[in-house]
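Participant: Chains as they are written, first to last, in our numbering: chain A, 6 to 248; chain B, 49 to 349; chain C, -14 to 299; chain D, 6 to 427.
Since the hints were made in silico from the structure, they are not lab data. Quick caveat: nothing in here was measured; it's all calculated off a predicted structure. All C-beta atoms in this analysis are idealised placements derived from N, C-alpha and C, irrespective of residue type, glycine included. Just so you know, not all the hints are guaranteed correct.
No farther apart than 20 Å at their CA atoms in a straight line, the calculated lysine to aspartate or glutamate pairs in the EDC-like style are these [as the list claims (entries may be wrong)]:
1) K406(D) to E182(B)
2) K278(D) to D181(B)
3) K273(D) to D242(B)
4) K273(D) to E182(B)
5) K116(A) to D242(B)
6) K174(D) to E201(D)
7) K102(D) to D343(D)
8) K406(D) to D181(B)
9) K364(D) to E354(D)
10) K197(D) to E45(C)
11) K52(D) to E182(B)
12) K142(A) to E182(B)
13) K82(A) to D234(B)
14) K278(D) to D242(B)
15) K273(D) to D181(B)
16) K82(A) to D242(B)
17) K140(A) to E231(B)
18) K197(D) to D103(C)
19) K142(A) to D234(B)
20) K278(D) to D234(B)
If we take Cβ atoms under 8 Å as the criterion, some of the chain B residues that face chain D in the derived model are [as the list claims (entries may be wrong)]:
21) D55
22) R188
23) L193
24) R194
25) R248
26) T268
27) S310
28) A318
29) G319
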Amino acid sequence: MTTALLQVSDITAGYRPDLPILHGVSVSVSEAEMVTIIGPNGAGKSTLVKAIAGLVPISSGTVSVAGSNVTNLLTHKLATASIAYVPQTANVFTTLTIDENLKLGASTLSKAEGARRIAMAYDNFPVLQKYRSHKAKVLSGGQRQTLAVARALLTEPRLLMLDEPSAGLSPLMVSEVFERLKSLVSTGVAILMVEQNVKAALAISDRTYVLAEGRNRIDGPSSELAGDSQVATIYLGAGGRKR
Amino acid sequence: MLQALADGILTGSIIALGAIGLTLTMGILRFANFAHAELITWGAYMALGVLAITGVFAGPIGPFSFGLPLILATLVAAVLTAALALVVDYLVFRPLRSHTNHMTVVFSSFGVSLLVRMVILLIFGGSAEYYSDELQIAVRLMPGLRVMPDHLFTLGLTLVIVIALHFFLQRTRLGLSMRALAENPDLVRINGIDTRTVVRWTWIIGAALAAVAGVLYGMTVQLRPEIGFQLLLPLFAAAILGGVGNVFGAVVGGLIVGLAESFSVLFIPAGYKMAVPFIILLAVLYVRPSGLFGGMRGGAK
Amino acid sequence: MSGYIAYLVFFLIVALTYSIVVMGLNLQWGFTGLFNAGVVGFFAIGAYGTAVLTGPDRAELIGGFGLPFPVGVIGGMILSTLAALVVGLATLRLREEYLAISTFGIAISIQLVALNFDTLTGGAQGLTGIPRPLFATFGSPGAYNLFYLGLVATVAAVVYFGLQAALHSPWGRLLKAIREDETAAASLGKNPAMVRLQAFVLGSTLMGLAGGLYVGFIGYVSPMDFLPILTFQIWAMLIVGGSGNNRGAIVGAVGVWALWTMSGFAISRLLPVEYQSQGGAIQVIIIGLLIVLTLLFRPRGLIGEAQSVSRHVS
Amino acid sequence: MKKMLLSSVFGLGLMAGAMPAAAQTASCEIPVGAVLSITGSIAAIGKAIGDAGQLAVDQFNEAGGVAGCTAKYVLRDDQGSPNVGVDAAKTLVEIEKAPIVLGAIQSGVTMPILTSVTVPGKVVQISCCSSAPSFTQLAQEGGTDGYWFRTLPTDRPQGVVMANIAKAKDYKKIAVIYVNSDYGVSLARSFKASFEKLGGTVTSMTAYNQEQASYRAEVNSAMQGDPDSLFLIAFPADGATALREWISFGGTQNLLLSNALRADEFVKSVGAKFLTNAVGIDNAQTEGPSVEAFNKAWEAKFGQAPNGPGLHTMYDAAAVALLAMEKAGKPDGTAIRDNIREITQGDGEVIYPGPEGFKKAKELIKAGKPIRYEGATGPISFDANGDVTGPYLIWGVADGKLTTVETWDKMRVADAIAELDK
């Protein structure tokens, strides 16, 4: 195995230094691999991707991308680290138009290059083209998700991080979104995705990490975990212990 | 009646200019800056200082009471006001922004406002000053309506600034980033934009507009260290009425507040005029807290 | 009685009156995180309310009911409460900034009413000859001032212990919880907006109480007593003393007022006459710097937040 | 409670530490306290008023001091704020041990000092400048115990004189713009009553609040009703703003100006060319040897004529206080109070301002002979309420300078009032 594209080693992180949410979590993602993170509520799944994105301070441990250390990177330098990130909620600017949302996503690029890639995005996602001069607040949940992903891809990242892309979507939409993500991986983009829907996550991804209470519990190829009774135990057990 | 309308529009356009800066900082930086009024005063006095130091009086242009020196002084004042805003942000607001209670920043702006006003008092003294000792006589346009050329200039300049700012916010990357920042700072960072730069530019633009408003205001009234402070309530009323963060709204809000003040004098004693913005403010908060046109962010928590 | 003692008594009457205002503000800011930018307005309402209710009847005035002093003070408190309700209800469900702006506005408006509604407030002339409670009972002004100091100190003590008790009650713990984590408090089924409103209104009522005591002592009230600078002074007292702590509020009131009067004294002594006109500005700058520097470098003030409160919470 | 006790001790320590000088050196210095607005809205006139008090004290010391000691002028700034003023007065009375407090300027500051410091402390208070009628009312109700005096007349006679002047100028419809303070309100009311009695019309009474940046709304509402003249009752800074806006918007230049506007600063700010048709009033007498004596001394010291409100009256306030103290022989408020009328009324030898005059007064007092002080404002006589009626001067502006147009002596003022009251 070559060096991982993303290597998260033993990080401790939390909004306040005295109240860590993650306690020594490690995750790795290889090139063109789709990795999902699952776990019960309060496991620290979202905190993990936020910490990688520099939105939650890391107090110990390291994050590196393609061998270079990006621990506690300033969030606006995500793009230079070849990472794109789609948050779970509020992932588009509802007061801006679709076009403006995309322009903002291209602001690290030159004007001409930005315009070229935005045009490509419109080709790939015709629904955005249709609403390009509308405020993003008119979009449905799925369309917003599409916009957010399209925006994230403008910088042509090597790693795309998504926080629960299926949240709040109809089953039909979920499968559509997942299809699209799968085809992305086939173009060489690695994906690290937080997912609530265990079944779907295990079905789509190459590997899966199960977190609980801010710690690694199990990980391995998704196909193996799908049949693992331990996964269910973690969900139930953690829920039971949490009171 | 006609005169009250004209006066209201004039006062309103000055309130509007000040309120644009306030609404931008309030919307984008997310705090009610009580010291914004002092940026206005500071700008007005800096222009006065530049006039006093250079001392060149090149004579007024056309029908106006001012000449090239004041225009140049205004540009210098805008730079100095932006500098003050950046220094204050660096020394006071930025360190406090991480504070758990975000109202601490609002409160500190209250203290800053006091400090700036008193420093102006120390430097320039408390007595009234004028850019020009010459009195400009109003031109009678029609029976019951007199306007001063300076006032028409003020109105025109306000319009130009509003249009320019509108294009800036709509058409440039920086303007786009500012609007985005008002909605969701984290998402702006995720998009690869350094919000610190955007914050700095917001201060620069807000402060420069404050300085221009200060000079225009100082041209129509007398300069004293309290001029900005007395505008504070009208500014807040205008910004909230128009919707926080909404530039166009701030202009309409400013005009409404100015007209309301002006017309109120026809019905209530002039002494209560200063309470008019407060009444408007209360009414907006009770009826439509997000303002007439909605803001970059609503008033609700 | 020596001059220093006489002055000290006078000084403490004023300082302790302010300490009641500061404790009211502490309830709003220190314990609830509400920024009241119009402290002076609520103080003024209490003062005018008391003056109108207790003052002598005069032909040109609406007021002058000649009521007993305690009735007047309570009346003033009720008026402050109502004013606080008006701005509080308007901003109840909005971001806290809106409360700050509204309180700033109400202070200005109240000053305008004081200045312009002359049949009620005496306008710029103010209301004169307001009876000082039990003044005739005491032979000398010195003795009277001692009595009044006792009265103010007693009221301040009652306010202090009353507030301490309230803060250690379930309601006080709820306040603290809301300040620390509003969403969590809300999820416990408490209405944070309503609790905040209660704290705001109660704090404003205390300011009204202090206004009544002030009028009882000075025997005169005019719009000039309630300039915006007083709001800054009160804030400086709270911040320097240590917000979130009522002992800090009292120490801050006495300390900052001492600093203020002594700096005035020093300026009149030390500055040559030609620079005296700058003296007032220097005094205010000292207060402003005190506020900003304390916030930046010693956010807990002289006496930090009382640990006892947070112990109950956690 | 313990904390409070502690802090009082702390406060006491600070006080004692900060102010030892006053207690020790006062062995033979008699403090003459003054509380004036050196800063704040009327700072423009406050500083010069302070100088006038200083001048009187210096001259008295030149003449050999007061009651066997040196008089020490202690000026405190009230910042135009009552609580600061009261505190300043309290330190003057309790710590400096001043038997006399001069001031304040604004009635809003003077009144609380009177009711909460000087009257309870049995200290004489003489104001140069507070003209509100409420002091007369308080004195009539017995609230001043006689410790209250003022050296400038109340506003009523001023209103009467101005009404007569307006009539003489043949103004028919006058707009009144007045500062919303005790001074402005009472003068405006007195003028309106007098002018209407004389057959004129007051088209509007517009109050303005101090220290605003603009008075356009007030000016506009005053212009309603087409007045042929304007009576402006204001302090110099705000007055200049209001008048500039009045003139800018085409208001009449038939102007009547109140006493507080007699200041070079006002003329300069408005522009002398707009004031050629303006007449103002001031409560001073510009003729007679006693006035000359003051004017000369002022010019010698400050290099310019004593133009400005309150200078003459402040000087007289200080001089009257010092002479009464000399007569009383001790720095005691009650004794000073009882001697004030002794040195201003009766048939004693006339005393003029200046070191020679004060020297003469001291000798006469020593010899047990009566004196009568005629001051910078001419003869002074306090009535039972501590008020004076005084002579007036009418001023105008010519060649950019303040000039005196005519004078009204006390007889003429009294006649005019009597005529009106008929």
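Participant: Which earlier hints can't be squared with this structure?
Facilitator: 3, 11, 12, 14, 20, 23 and 25
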